[in-house]
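K.L.:
Sequence:
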Amino acid sequence: MRKKKTDSGVTVQAITGTYVVVLGIDMDEADTQELLGFAIHRTDPEENEAYWLTGMRTFEKSYPNPPDGALVSTLDHPVQDFLWSDFTAKPGRKYTYRVVPVSGKPKNLKYGEGVSIDVETEQEASGKYSVYFNRAVIGSQAYARKFGVSPKALKGEKKVEAYEWLSRGLFEAIKDFLALAKDESFGIRAAVYEFSYEPVIEAFAQAKKDCKDVQIIYDARIANKKDGTPDPKMKKRVEEVQELLDKHGLSDSAIPRVENPNYISHNKFIILLENNEPIAVWTGSTNFSESGIFGHANVGHLVRDVDVAKEYLAYWKRLKKDPHVDDLRPKNDEANPTLEDFPPPEGITTIFSPRGNLGQLKWYGTAMNGAANLVCFTAAFGVNVVFREVFEIDRDYLRYVFLEKWGVNEESARVTEEVLTKDFDIQVAVGAVLNDQMLYHWLKEFPNNLSVNVRFVHTKFMLIDPLGEEPIVISGSANFSDASTRENDENMLIIRGDKRLADIYLGEFMRLWRHHRSRLIINKINEATGLDEGHNYLDPTSAWAQAFYKPGSVKFKRRSTFATAAQ
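If you're matching positions, the sequence shown starts at 0 in numbering that gives the first Met the number 0 and goes up one per residue.
Careful: at least some of the hints might be erroneous.
Below, simulated DSSO-like cross-link-like pairs (lysine-lysine); rule was C-alpha separation at most 27 angstroms, straight line [unchecked claim]:
1) 246 to 316
2) 174 to 154
3) 181 to 211
4) 208 to 109
5) 4 to 319
6) 181 to 319
7) 109 to 549
8) 3 to 181
9) 151 to 443
10) 498 to 309
11) 93 to 145
12) 127 to 89
13) 554 to 157
14) 549 to 89
15) 2 to 145
16) 421 to 554
17) 554 to 3
18) 549 to 4
In case anyone wonders, no lab produced these hints; they're calculated from the structure.
From just these sequences and the hints, can you work out the full model?
P.N.:
In structure tokens:
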């Protein structure tokens, strides 16, 4: 949902997803001469709540030494930004936000009239798409405040509570989707990579008991080391999956994928059949593992579309034969041809890998380069040269990038950082936890110890002009890499023209990007100076607002981009 309102000289553009509400704020520059920030109030009729929302930054004069982890009201310590997000919203709720300009002095604040705007967050389980992002912020003040120890140190009910908080509906949605196969008129077809979280396997087993028709293609590929012996880590992983399948009575429903052992069966999708016909698909980036569901950032994307489900089932049937990559590539290319033109067709385009060449990967680069106003891009395993070349082209709009790390090795990290930091309009966040207690009065943050290889971002999606009239969402299992295009079993959705979907993805992207961007900057300062950041007090003057009105600056573009989204 997108809604815009102007009152008393203040404009607010609200962009609502399921759990996130983004507020782009604007006003005439002349009205910012004494502006100290914005107080933000939220009314929630369903909870019978009305209160001023909170932040962590304070004015030194009025609150010089807040306790560690303290939250303070924006009525007394306003937001000094023209972009603000509520990460505590709930799906399918009506809220009223009141944004009030604050002026005066820290100990003598004055309040303008501001603007009130009514919004409604999106329902999760409605329409063609349901989208579920986990919370993915173990290394956060919110987690530290709520749980106080790392996830692996939790026991009993506290652990249950923490996992529910971290899942934020993702785990529950996986189980609910499998539970739709409630009797013998239904069936399940799945293709999985990491398949180690036992409660999910139990849900598959329950579906089998209920519908009597579950078939699972699982990754059983084991590459050889240079000495010709099987890789022990891969061998152990496959054996553990097979043990769980045996334990839960799923062995006769499981189909091992073993051909081309140097490649990986990287899909994570489930197809729901009714009367032997496909009706819906669960896909996205989430592996069926503890780390995938509760640790690093992931998305589950449910599509209720018969035609899309048919495409996935046809692909699943190709995989079921455990084909050699040389046989599979031409069949995938024929069934779902590489896109050539930009923009893509309206609606949904499905893309399956492995493919005969890198044409589809290059098309993603074309799509990124074809944006007019805004790009958002996640990369868990570095930035492919196709995209580095696009980022080297100067563009006069914001391009946001969220990385797990700069690169998979020292050289790729060096090159990627060099390319992505040349242009200030490319705004990069890299997964991070604050080094120790970097900011005075912040609580100690805990690293993600549920995950090993990927700790922060595992999603694979790109948003092209998400605030435009024809937003494009690209999302799936593929890592935007050569291997994900030419070698691995992968699936991607390219969806054009669905504003609701784009709003959900954009809100979640900005939630994670802003979280990690701030930590990247603070840690860099610490590494460069060896000094703690200390207090991060609010500016007691209106000088903070000046950069938002400097034409061409990043803050200027951010204010204008998010306050003027298409309705």
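K.L.:
Which numbered hints turn out to be false for this structure?
P.N.:
Hints 4, 5, 8, 13, 14, 15 contradicted; others consistent.
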